[in-house]
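Let the sequences and hints guide you as you build the complete structure.
If you read the protein sequences in the order shown, they are chains X and Z. Mapping of the first sequence onto the UniProt record's numbering: residues 1 to 629, in sequence order. Mapping of the second sequence onto the UniProt record's numbering: residues 1 to 629, in sequence order.
Calculated directly from the structure, the hints in this document are not laboratory data. Be a bit skeptical, because a hint or two may be false.
[Claimed, not checked] Taking lysine-lysine pairs in the DSS-like style, the calculated list, with each CA pair at most 30 angstroms apart, reads:
1) K2(Z) - K84(X)
2) K199(X) - K84(X)
3) K317(Z) - K329(Z)
4) K329(Z) - K186(Z)
5) K84(Z) - K199(Z)
6) K199(Z) - K199(X)
7) K186(X) - K276(X)
8) K84(Z) - K44(Z)
9) K153(Z) - K199(Z)
10) K572(Z) - K44(X)
11) K317(Z) - K572(X)
12) K44(Z) - K572(X)
13) K186(Z) - K317(Z)
14) K153(Z) - K84(Z)
15) K2(Z) - K199(Z)
[Claimed, not checked] Partial chain X-side listing against chain Z, Cβ under 8 angstroms, derived:
16) N34
17) P196
18) M200
19) D243
20) R246
21) A248
22) L476
23) Y480
24) R506
25) P549
26) S625
Each residue gets a CB set at the ideal place from its N, CA and C atoms; glycine is no exception.
Protein chains: 2
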Amino acid sequence: MKTSIATVSLSGMLPSKLTAIASAGFDGFELFENDLLYFDGAPKTVRSMATDLGLAIYLYQPFRDFEGVSPAQLDQNLERARRKFDVMHALGVDTMLVCSNVSSNVIRDDRLAIDQLGALAELARQAGVVIAYEALAWGAHVNSYRHAWQYVKAVNSPHLGLGLDSFHTLSIGDDLTELASIPGEKLAFLQVADAPLRKMDVLEWSRHYRCFPGQGDLDVTRFVATALAAGYRGPLSLEIFNDGFRAAPADSTAKDGIRSLRSLESQVRDVLVDDKAARGLDTLTSLPPAPAAIDLQFLEFAVDANARVTLTTWLEKLGFLRMGRHRSKDVTLFQHGRASIILNAEPDSFASAFFMHHGVSLCASAFRVPSANDTVTRASQVGYARFEGRVGPNERNVPAVLAPDQSLFYLVDELPNAPTLFESDFHLTDIDGPTQTGPITAVDHVALSVPGGSLERWALFFRSVFGFQAEHSVVLHDPYGQIQSQAIRSHDGSVRIVLNASVDPRTIHSETISAYKGSGLNHVAFRTDDITLAVRRLEGDGVPILRIPQSYYNDIAARFGLNEAFVDTLRKHNILYDRDASGGEFLHAYTAQVDHRFFFELVERRGGYDGYGAPNASVRLAAQSALRS
Amino acid sequence: MKTSIATVSLSGMLPSKLTAIASAGFDGFELFENDLLYFDGAPKTVRSMATDLGLAIYLYQPFRDFEGVSPAQLDQNLERARRKFDVMHALGVDTMLVCSNVSSNVIRDDRLAIDQLGALAELARQAGVVIAYEALAWGAHVNSYRHAWQYVKAVNSPHLGLGLDSFHTLSIGDDLTELASIPGEKLAFLQVADAPLRKMDVLEWSRHYRCFPGQGDLDVTRFVATALAAGYRGPLSLEIFNDGFRAAPADSTAKDGIRSLRSLESQVRDVLVDDKAARGLDTLTSLPPAPAAIDLQFLEFAVDANARVTLTTWLEKLGFLRMGRHRSKDVTLFQHGRASIILNAEPDSFASAFFMHHGVSLCASAFRVPSANDTVTRASQVGYARFEGRVGPNERNVPAVLAPDQSLFYLVDELPNAPTLFESDFHLTDIDGPTQTGPITAVDHVALSVPGGSLERWALFFRSVFGFQAEHSVVLHDPYGQIQSQAIRSHDGSVRIVLNASVDPRTIHSETISAYKGSGLNHVAFRTDDITLAVRRLEGDGVPILRIPQSYYNDIAARFGLNEAFVDTLRKHNILYDRDASGGEFLHAYTAQVDHRFFFELVERRGGYDGYGAPNASVRLAAQSALRS
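Shown next, in the form of structure tokens:
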């Protein structure tokens, strides 16, 4: 499909918006009236700017409060429309969006509205343009696509079609059945926007919280698939009102926009294929599939000589064994159970550059996938750059993708019987030595601190490249502010990432990313089958465990009705506790912070508990705060 | 009244919260359960901390979802209450807040709930404590104080009283008539919170947008007056959930809290006096009245030698005359109509310190009031520090108050027949010379850029010290983000201040305060009786006027149906236009920026227009952006 974005979705002045839209790779755009108003030049100048950038102007928008008015007002409105048609001719755009009337004075008479839209269609016919009539979710009389469609059908003019907007339909939970039956040629325009579910006034929700498809909770895929199956053949156009986008640089927002559309198209394609719907398939981008299975292979830290000593000590106390040394680089491999951690101190490397910028930090993660090439190709077709690192003799060239914070995600596939990455690239010194058992079995999840307002950017990355799922975001309370937290996971939970962002820039806490000059690791959670044993062993080995306030234990004892001996054990080892509705239990403990940056967590999941102990986040954050003050 | 604040209103850990509460001057506090939970010490330690700081613990809160439950659940809830009573004994607190049940499983049976609350009251009697039962606005069955009062009345125990919270009652627009008739001894606790009006879910509104009384739109004064007239004699306690407060330093939030309560008490006193209600009066703080009349006397800029030259040139081009020189300081007075501007270049002064910090900036404003002493006394009793400047021989000692950004507000009163401030402190060189006429008649309003999240702090300052009124805040769109804007004015509109704050810290625009390292002047608007004449004269004198995009004029022509000649005049002089519902008109134009910092505006008000041309803010911001890019 042709890709488009409304200029209102981006920050800045019109010329820089258009440059950003062209650079990101869109085919065209919707011109928002105010952008023209604030541009100190004639419409024909905008037209030639667009032409020079290779961009089509698909839509001029919006025209408001047209129908359901008095005869005198109708005359004024038609005159207003005439003037706008002149502007459209100068711009070289042939479609205008007309939103359903939101005025409290609207006359609630369908016959009248249809007649008036008929008059507008006639005017549009004379001017050689098309009207896309769209129901706003807060329209005073018309607020569903079904009601708008009644009007369009009744007017029955090739110059009046239906404008669709996924937000306006999905936000009110409207049914898509009728949409499937609307003739494709009557669908004049298709705008798409996602949004996180919020309990609030729909107008406020729309104006401030929209986001790109794949960043929110609405089923935009099903909506677009339905429109395509009905025969819609126009552009797919993003129209996003978002407080964060308004303040973010237009370039990076536009790039995320095109990523969102490519990923959306590919999902729509999957839905149409599943539905055995042939119509629309040919217009859709196809991407290599997201990996069917995925695992965390290793986490790689950028260190210098000092930080290597510090982290090595930590890892050894955590029971990790030094398993190998890289054949050609200053890179060391540690393992414990299925958890692998690499310390990279190679000078003049990606890691050393990362270290210089961020200090000791997580510079790369590696995912094991069925086809590394497929996943990297998918990433680059979605719009995430491939990274090509320096490769030594006898080393494998591991494909990698650059994440939003410019850290790397390596993709590793290992053929049966072929040497593993570790075997080919490392001298595995201890491979035949004793392999320890427990207490750690694997990495349970990785928590990243990301800048405020960038949760959506990260969610799009993981969802579009790896096909991960996002849970609803939750707000955690730190003593010095709020943290928005969103968990992202692979379908089967084999890889779990938690994204944390400060809501207020003044909030200084352990989730703060300022020290990282960008994103950074917050903590790595290791899984264990016996947390009491694990904490006891770690404490014995000198790992400092975060002390939990004693009142916490009185509270959980009362809250969950726990027996005293059990609570005593938890209290003694500073283990936190949570239980879900179906009785699944989560036991977890935290280490002190490493280098005032990140920390480790031990988690034991019992009986199918699937969360991250969010109710305990506040007590953990408070305990960490107490240490700092 | 005794003053109190809930610990949940402040950021940080419990010990620093208590220090902030004590320093601000509160008599006591409500202890929020989580603050105790996160404190790594026993309840008795909290008790002695409070005692050492001279603070009473007035309330332990909250206890949730008690009533309307099954018999088995009731037993558990009573057991939970028993444990909390033990904690209360250790804390030395005798009142516990119980909120109305919000669970969707609540049994909607008033008789059952009353019986269960009766059982709780009996337990409270045995423990020697009191329950304050409070209706939450989103309570599942009980959501009004009237419903809660039915329960309390029916139980009829001295150990069960009604807990009141202004937000829960005012947010749902509930009637206060019944409150007036509740016996005072049945009112167990009184929490106060204000909030700006918002169209949103009441729970979300309450959790994130509450603010101190005098910072929002609710009639907290009337609510408290009603409770006092009914005979309430307990403490007045702030309970604020606010995203900004959660991230702001506890000290300054606590200080604003006590200012809010003192001002509230004084307003409540006025209401009771007006109502001729004697009950409650004796418990209330009395402040000197806010000034009955107020005028802007002068604006004072901190400058160095260079900036003096720059600003002098600007002022002269704007038609200001140099009217005098200060008798002992390097301070110059300019006047035009009733607008007076002072340039202060005195070394080693308040102004020079301000200049060092902020560069060329507005360091002081002066208000003419009936009694400067009354107003300064009022300010200091509310909690704003008085500033004492250096005074030269034969100079008047002008009392001043420190504003939230540490700039000064001078208070000037001039007795009839006594020399004016300008006469006593200045050599008025040109006083007998020609006084120019027009185009500027006075200062219309002053717009200040304040840091994001500090609108409430500033609103409280102007409202509590000067008795100003606040209008609803509006959101203005800059090309690079949103600006929250709130107008504050004296009762008769003689003094008008507009406060602007960036919503997103990334937003870089003319409202940005970063360059000021604090708050700063955004612009000064001068009033004129003939804006076309004024702009023409200023342009003739070389004042650069902000160019407005031409499409703007096509738009207003269509939008307001203006005649062509009129629009041509506006266009020619880059004058913006707005019209209110009753036909009042606002014509205004802007100068270029002075030193990339602030700018001037010319405004003409016709036919009682009372706003600030907010619909034109976006085009002005865009035009300024275009100049920078």
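Structure-based check of all given hints:
Taking the CA atoms of K2(Z) and K84(X), the gap is about 64 angstroms. The hint is violated against a cut of 30 angstroms. At most 30 angstroms may separate the alpha-carbon atoms for a hinted pair to count; K199(X) and K84(X) exceed this at roughly 37 angstroms. At most 30 angstroms may separate the alpha-carbon atoms for a hinted pair to count; K317(Z) and K329(Z) meet this at roughly 25 angstroms. Restraint check for K329(Z) and K186(Z): not satisfied, since their Cα atoms lie roughly 62 angstroms apart, outside the 30 angstroms limit.
Of the pairs offered as hints, the one joining K84(Z) and K199(Z) is violated, with about 37 angstroms between alpha carbons and a cut-off of 30 angstroms exceeded. A distance of roughly 11 angstroms separates the Cα atoms of K199(Z) and K199(X); the hinted pair therefore holds under the 30 angstroms criterion. For the suggested pair K186(X) and K276(X), the alpha carbons sit about 23 angstroms apart, so the restraint of at most 30 angstroms is met. This hinted pair checks out: K84(Z) and K44(Z) have alpha carbons roughly 14 angstroms apart, not beyond 30 angstroms.
Restraint check for K153(Z) and K199(Z): not satisfied, since their Cα atoms lie roughly 34 angstroms apart, outside the 30 angstroms limit. With a C-alpha separation of about 22 angstroms, the suggested pairing of K572(Z) with K44(X) holds against the 30 angstroms cut-off. Under the criterion of a C-alpha separation no larger than 30 angstroms, the hint pairing K317(Z) with K572(X) is inconsistent with the structure, at around 77 angstroms. Proximity of K44(Z) to K572(X) is assessed by CA-CA distance (about 22 angstroms); at most 30 angstroms being required, the pair is judged to hold.
Distance restraint check for K186(Z) and K317(Z): the Cα-Cα separation of roughly 68 angstroms exceeds the 30 angstroms cut-off, and the hinted pair is therefore not satisfied. This hinted pair checks out: K153(Z) and K84(Z) have alpha carbons roughly 24 angstroms apart, not beyond 30 angstroms. Restraint check: the Cα-Cα separation between K2(Z) and K199(Z) comes to about 34 angstroms, which exceeds 30 angstroms; the hinted pair is violated. The beta carbon of N34(X) is positioned within 8 angstroms of a beta carbon in chain Z (closest approach about 7 angstroms), and the interface hint is therefore held.
With a least beta-carbon distance of about 13 angstroms to chain Z, the hint placing P196(X) at the interface is violated under the 8 angstroms criterion. At a threshold of 8 angstroms, the smallest CB-CB gap from M200(X) to chain Z is about 5 angstroms, leaving the interface hint in force. Contact between D243(X) and chain Z, as hinted, is supported at the beta carbon level, the nearest pair being about 6 angstroms apart and thus within 8 angstroms. Hint status for R246(X) relative to chain Z: holds, with the closest Cβ pair at about 5 angstroms, below 8 angstroms.
Because the closest C-beta pair between A248(X) and chain Z is about 7 angstroms apart, less than 8 angstroms, the hint holds. With 8 angstroms as the threshold, the beta carbon of L476(X) stays out of range of chain Z, its nearest partner Cβ sitting at about 11 angstroms, so the hint is violated. Using the Cβ-Cβ criterion of 8 angstroms, the hint placing Y480(X) at the interface with chain Z is satisfied: the shortest such distance is roughly 5 angstroms. Here the hint on R506(X) is kept, as its CB sits about 4 angstroms from the closest CB of chain Z, short of 8 angstroms.
At about 4 angstroms, the closest approach between the beta carbon of P549(X) and any beta carbon in chain Z falls short of 8 angstroms, and the interface hint on this residue holds. Look at S625(X): its Cβ gets to within about 6 angstroms of chain Z, closer than 8 angstroms, so that hint holds up.
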